[in-house]
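All chains should be built: construct the whole structure from the sequences, respecting the hints.
6 protein chains.
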Amino acid sequence: MENKIYWGSYTSNELANLIKEDPVVVLPVGAYEQHGPHLTLNTDTDIVLEITKEAVGKACSTGIPCALLPPLWLGISEHHMSFSGTITLRQSTLTAMVFDILKSLARHGVKKFLVVNGHGGNMAALRYAIDEVGAHCEVEPVLVTYWHLVADLVARLRKSEFGGISHGCELETSLKMHIAPEDVRKDLLRANVVKGNEYWSPEMFASNRVAMYKPYRQLSEYGHVGDPTKATPDFGEAVFKAVVAELARLITKMQKGDLENENC
Amino acid sequence: MENKIYWGSYTSNELANLIKEDPVVVLPVGAYEQHGPHLTLNTDTDIVLEITKEAVGKACSTGIPCALLPPLWLGISEHHMSFSGTITLRQSTLTAMVFDILKSLARHGVKKFLVVNGHGGNMAALRYAIDEVGAHCEVEPVLVTYWHLVADLVARLRKSEFGGISHGCELETSLKMHIAPEDVRKDLLRANVVKGNEYWSPEMFASNRVAMYKPYRQLSEYGHVGDPTKATPDFGEAVFKAVVAELARLITKMQKGDLENENC
Amino acid sequence: MENKIYWGSYTSNELANLIKEDPVVVLPVGAYEQHGPHLTLNTDTDIVLEITKEAVGKACSTGIPCALLPPLWLGISEHHMSFSGTITLRQSTLTAMVFDILKSLARHGVKKFLVVNGHGGNMAALRYAIDEVGAHCEVEPVLVTYWHLVADLVARLRKSEFGGISHGCELETSLKMHIAPEDVRKDLLRANVVKGNEYWSPEMFASNRVAMYKPYRQLSEYGHVGDPTKATPDFGEAVFKAVVAELARLITKMQKGDLENENC
Amino acid sequence: MENKIYWGSYTSNELANLIKEDPVVVLPVGAYEQHGPHLTLNTDTDIVLEITKEAVGKACSTGIPCALLPPLWLGISEHHMSFSGTITLRQSTLTAMVFDILKSLARHGVKKFLVVNGHGGNMAALRYAIDEVGAHCEVEPVLVTYWHLVADLVARLRKSEFGGISHGCELETSLKMHIAPEDVRKDLLRANVVKGNEYWSPEMFASNRVAMYKPYRQLSEYGHVGDPTKATPDFGEAVFKAVVAELARLITKMQKGDLENENC
Amino acid sequence: MENKIYWGSYTSNELANLIKEDPVVVLPVGAYEQHGPHLTLNTDTDIVLEITKEAVGKACSTGIPCALLPPLWLGISEHHMSFSGTITLRQSTLTAMVFDILKSLARHGVKKFLVVNGHGGNMAALRYAIDEVGAHCEVEPVLVTYWHLVADLVARLRKSEFGGISHGCELETSLKMHIAPEDVRKDLLRANVVKGNEYWSPEMFASNRVAMYKPYRQLSEYGHVGDPTKATPDFGEAVFKAVVAELARLITKMQKGDLENENC
Amino acid sequence: MENKIYWGSYTSNELANLIKEDPVVVLPVGAYEQHGPHLTLNTDTDIVLEITKEAVGKACSTGIPCALLPPLWLGISEHHMSFSGTITLRQSTLTAMVFDILKSLARHGVKKFLVVNGHGGNMAALRYAIDEVGAHCEVEPVLVTYWHLVADLVARLRKSEFGGISHGCELETSLKMHIAPEDVRKDLLRANVVKGNEYWSPEMFASNRVAMYKPYRQLSEYGHVGDPTKATPDFGEAVFKAVVAELARLITKMQKGDLENENC
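Sequence order for the protein chains is A, B, C, D, E and F. Residue numbers for the first sequence follow my numbering, so the first one is 10 and each next one is one higher. Residue numbers for the second sequence follow my numbering, so the first one is 10 and each next one is one higher. Residue numbers for the third sequence follow my numbering, so the first one is 10 and each next one is one higher. Residue numbers for the fourth sequence follow my numbering, so the first one is 10 and each next one is one higher. Residue numbers for the fifth sequence follow my numbering, so the first one is 10 and each next one is one higher. Residue numbers for the sixth sequence follow my numbering, so the first one is 10 and each next one is one higher.
No lab work stands behind these hints, which were simulated from the structure alone. Be careful, since some hints might not be right.
Heads up, the list lumps identical chains together, so a pair's fine if it works in one copy or across two of them.
[Unchecked claim] Derived BS3-like pairs (lysine-lysine); straight-line CA-CA distance at most 27 Å:
(1) 62 - 13
(2) 168 - 262
(3) 120 - 204
(4) 262 - 223
(5) 223 - 265
(6) 29 - 195
All values reported here derive from a predicted model rather than from experimental measurement.
Here you go:
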């Protein structure tokens with residue numbers, strides 16, 4: 010049987026066969042929230058969908074049993090609600106969704122799950138959900154926020170200073186320039202770098218020593234934080250390719266059971 | 010401003026402007042569940058996504074302020090869980106999702122919502138959700154299950170007898186033949202007509218006098234109910250076009266406030 | 010053992026015996042809400058109690074094992090709360106009640122349940138409850154809203170036009186004239202016919218193509234919708250007798266297992 | 010306006026007037042649970058309904074604004090579930106019901122509520138509910154378990170020793186002999202006196218120093234505890250009349266605001 | 010193995026051994042709420058902690074297997090929230106905490122639990138929690154509010170009249186004078202005796218015939234109720250020693266299984 | 010007014026004054042879970058309580074308005090439940106507790122909260138709770154896990170290799186040797202270093218790229234992970250002092266509002 014990318018493009022009988030091969034099922038989770046004056050609301054969902062599509066396709070093409078679920082296209086965005094159009098779930102709703110999906114598949118015998126997150130605000134609820142699934146479904150789900158896979162590459166290639174990559178920033182704008190340039194309002198790019206301090210920074214790659222709740226209006230009058238004026242399609246393409254490669258590698262290792270080993 | 014189809018393809022500032030025009034926001038809800046040996050799991054979601062995309066596009070093109078949300082791609086499918094691959098939400102989870110989405114948009118000033126359902130099993134939870142939104146958000150949402158808009162046309166054109174249109178049936182198979190023929194396993198079509206009785210029938214257009222809970226395994230050893238052997242791309246196209254036209258008309262009437270009037 | 014009507018009029022040991030006979034247990038659900046200037050708040054509960062009492066009595070008298078629970082006397086009436094005196098449950102509360110009752114009896118071995126509804130506003134929550142029971146209790150409950158059993162007779166005998174039978178209407182007023190004439194304020198009858206439109210009508214027998222949430226104040230300044238001036242005790246009696254006969258027949262068929270068959 | 014007993018026997022407009030008189034609204038709560046070999050499942054509900062009906066009627070007849078709601082006919086009976094036929098709510102369900110009812114009426118302006126309990130197992134959930142209502146509805150509900158109003162009279166008139174009045178006991182059996190003798194299986198009366206110890210006793214009038222959870226099967230192989238062989242219709246009548254008088258007096262004092270005073 | 014007082018002062022392996030001895034595990038529950046001008050917020054928690062520490066120590070020293078959990082230091086204090094500093098849980102939160110703790114230990118094989126309460130406002134939620142644990146964990150928890158163990162001694166020794174022992178009163182102030190005199194503001198003692206009436210009194214040892222919800226501001230402009238001017242360290246010491254002795258005796262009887270017997 | 014350490018050692022009126030000074034309120038959160046053969050169950054709670062007591066005392070002594078709440082002594086330990094004695098909350102319970110406490114104090118006007126966590130397993134639930142408080146209480150809580158404040162010092166002083174500091178490890182054992190040597194079973198120390206891999210490691214200071222749910226039995230047959238054989242009281246003391254100093258500094262900066270600034 011030729012492997013397809015989407016769980017939904019199989020029939021039930023075909024899935025019964027796929028499940029026997031011990032596949033990794035991938036669930037992308039994004040957001041539908043404001044991203045400043047220059048990016049569209051679909052930014053997080055769009056990015057996470059494109060990278061998982063490519064990554065699952067790549068893993069499939071090397072014979073690794075895996076499949077992609079459609080994205081959960083909205084997440085936890087209460088802190089962005091003062092900017093128009095933003096849609097948010099309660100944390101309990103997102104948690105319930107992830108639990109129900111993984112629980113359903115666990116009932117059919119799926120053992121390996123990779124939840125790929127594309128929105129910082131989802132982290133607490135997704136980690137909470139993963140712990141619920143682990144505690145009650147007898148499977149061991151893995152959660153990754155995509156940029157954590159490419160910290161080194163981003164550090165090497167970024168043009169903005171610390172505080173320039175956060176939300177609607179050099180990184181997200183570059184990724185959208187690569188994936189969907191029609192969603193970038195190029196005439197509205199402006200820098201809004203917020204460095205933070207020794208305890209906490211909104212910078213995506215900060216190692217924060219404390220966690221805080223910040224309504225976004227306090228960090229930005231425009232809605233975004235970071236420096237989208239430094240964004241380029243080339244940086245976007247480089248990040249995109251690196252994330253896809255890393256995700257495909259992670260899926261492969263999960264499917265082979267290597268994630269359980271010290272020398273993985 | 011040119012109207013786009015997707016809510017997510019606007020920036021926050023653009024949506025602030027769109028909201029001033031009193032748009033109809035459309036939320037499609039599908040399912041990810043088994044559809045017999047011949048149809049893929051994405052059937053309901055795929056259909057409801059394609060029809061809402063066309064319908065919103067059509068309404069937009071005539072200047073009606075409206076926008077489409079991405080689909081809730083899974084629904085209530087507990088009664089299908091004995092068939093592999095099916096994913097189900099608890100009813101409380103689906104209800105919470107719909108509530109959170111509409112509540113978020115209501116906070117931004119959106120007043121008009123059309124929830125378009127593509128799966129029979131979702132009806133109770135969606136109606137429940139609509140009532141929660143109505144009671145707590147000071148908006149008046151409208152819920153439609155797409156086939157209820159084209160009962161007459163289907164009655165006129167269908168080839169199968171009563172009981173032939175239900176689940177993975179003449180209608181759904183025809184729609185998929187039109188929209189995504191690669192998802193139809195044509196060599197695996199077989200009839201499984203279930204007429205029901207004077208109280209209850211699984212037929213999609215039955216006027217049931219009672220409601221019952223039926224695990225699908227009791228209705229079908231294959232997973233589907235109805236007669237997909239009667240399905241044709243032509244019937245699929247005719248239904249598709251009619252649903253799109255009716256949805257666009259409904260969106261238009263909602264936006265103009267005509268749904269409040271007796272002579273609408 | 011002589012069969013009694015009420016579950017509560019048996020001792021525990023007697024019920025252990027009754028349960029061995031595979032009885033149908035009937036749960037009536039009403040409402041305690043305003044019904045315009047001319048009908049009392051108990052209207053829905055009173056009607057559904059009287060019809061189930063008669064119907065269970067009738068079935069019992071022909072030797073069919075069955076029993077009646079007391080009514081859930083209040084339901085979902087949030088949309089009537091702007092009219093004084095109305096009591097409403099949250100939907101989650103009604104759902105929990107029905108679940109707990111049926112689950113309790115399922116634990117004792119009861120397999121057959123008929124929930125008889127007398128209030129339109131309860132439909133979503135009751136259907137939701139039935140689906141929860143079906144999914145978690147290994148029984149197959151049946152739900153009926155009483156007027157759905159006598160659509161033909163009502164169509165034949167009604168005097169009011171379309172829109173005349175809805176809430177505190179020709180039908181409900183006639184039923185109360187038959188059952189409890191002291192609850193009808195005959196000097197306060199006035200017509201308030203609301204026809205609705207091609208999508209939705211409050212008429213009880215409308216085949217609505219969409220579902221909407223409507224605060225009742227929008228439909229009626231008086232509280233009722235329909236034409237109680239056309240009500241007569243004779244029409245009430247005819248409907249009452251027909252509903253009772255149909256319910257007794259349904260209970261009988263359920264007890265014999267005929268509802269599972271196509272030729273029932 | 011002549012005062013009626015039942016809230017449900019008024020129209021909405023009539024209730025708007027009644028509410029202006031600052032009525033006491035009475036909510037009886039019973040149970041549907043096993044009561045040994047000799048009493049029917051409706052025992053608690055039947056008793057609490059009859060006493061509240063008489064008491065509200067008596068208060069009404071002296072011009073005190075008050076009204077009776079239908080009973081919540083089932084309560085918390087998990088500890089009786091090993092005896093057939095028993096129906097139980099989860100505690101959260103009963104709490105939600107009482108909250109919803111009192112909250113609804115508080116929204117209409119009702120300020121005075123008397124919840125009359127007839128089942129020991131309901132006490133925790135009802136007290137919990139009363140505290141929720143008090144904390145969130147700006148009214149001050151009163152809760153009474155009926156036998157607490159007549160401790161002195163019972164002590165004077167009872168024939169059974171300590172441990173003889175508990176569940177399906179001298180008191181409940183006597184009350185049913187008075188109210189509904191057809192529900193007493195007189196040939197099946199047997200004593201099952203459980204005295205308990207210095208910490209805890211199932212005796213209805215014990216001043217227990219600790220609270221415990223006891224599955225009823227541990228206290229009684231028959232289902233009841235106490236001595237129904239001592240029951241008489243005369244004792245039942247005396248208790249009934251005393252409870253009614255005390256309840257009517259309590260309603261009267263509540264309505265006049267005397268319960269707030271030290272010299273009430 | 011020498012018995013220690015605290016569950017937390019054992020290692021996991023040591024607890025595995027202790028559990029084999031069928032220990033009584035004691036959970037103290039207090040409150041963090043205002044106690045008038047003269048007592049600190051820790052009053053209830055401090056008292057209940059000191060008495061359980063002494064009592065468990067005493068039982069341990071006589072070879073009874075038992076252990077103490079740290080206190081739940083806050084409880085249900087919504088009715089005190091108009092006085093600054095008070096912290097309250099929702100009732101559902103306290104119930105969940107007690108349930109989770111007892112359920113966890115029940116999973117390890119602990120069978121005997123004694124919940125020792127030090128705050129009147131916790132009673133409904135704790136009784137509710139005990140019933141949940143009893144219904145779902147196959148253990149039989151015991152709940153005691155400490156002053157119920159020493160009613161006779163208090164009656165004999167108290168100086169204040171009825172209404173003088175309630176909240177921040179003669180009894181609590183005396184106990185704090187004995188346990189932690191630095192927490193008593195001796196210059197701010199004033200009497201605020203509230204007798205109540207025949208139905209309800211805030212007096213700690215009243216046999217109330219009804220339950221009511223009372224915001225504390227209605228009972229006291231100062232925050233406390235009762236007569237702390239009558240408090241003495243000697244009374245505090247006498248009560249303290251009596252409670253400790255009674256608790257140690259109760260733990261001993263529970264561990265030996267005597268609480269199940271009539272002659273305990 | 011002399012500042013005290015504990016919130017509970019003030020009266021209500023004194024707290025009303027303290028709140029006017031805009032204090033930082035500190036809430037320690039620990040766990041009651043197995044820590045291998047050599048450490049007691051109170052390890053996390055004991056540590057977090059001692060460090061917060063010292064830190065608040067230190068800040069108080071320099072005139073910074075602040076106060077300490079008693080610890081939440083148990084947390085999320087489901088993954089440790091296969092080791093005897095462990096107590097766990099559901100995540101929803103811990104979240105509710107933190108929410109209720111902070112919400113109560115926010116109602117009195119407290120604006121600044123520092124939640125100090127001492128258990129890795131609590132992170133998701135605490136972050137979730139912080140986000141709920143931030144979204145609903147109009148305050149901005151700060152969350153810190155204590156070891157994140159002293160990463161540099163630990164790196165400098167530790168003797169164990171990577172994987173040696175995790176759970177019941179060099180760090181926790183050293184801290185207990187300093188704080189409570191009687192809780193360390195010195196004869197039972199043994200190394201169980203788990204390095205993990207490039208994606209995930211149980212090492213406390215690992216920068217994990219993915220999150221996983223791991224039942225602890227999979228990581229350790231003994232219960233602990235890391236190398237307690239390298240533990241010394243001196244290392245414990247150094248870490249303890251550094252954490253205390255950092256916490257006091259953080260409290261001071263929070264109280265002065267410096268955490269909002271880039272140059273803090």
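For each hint, the structure was consulted:
no., hint, result
1, 62 - 13, "both (11 Å within a copy, 24 Å between copies)"
2, 168 - 262, "neither (32 Å within a copy, 32 Å between copies)"
3, 120 - 204, "between (41 Å within a copy, 24 Å between copies)"
4, 262 - 223, "between (36 Å within a copy, 17 Å between copies)"
5, 223 - 265, "between (40 Å within a copy, 18 Å between copies)"
6, 29 - 195, "between (48 Å within a copy, 24 Å between copies)"
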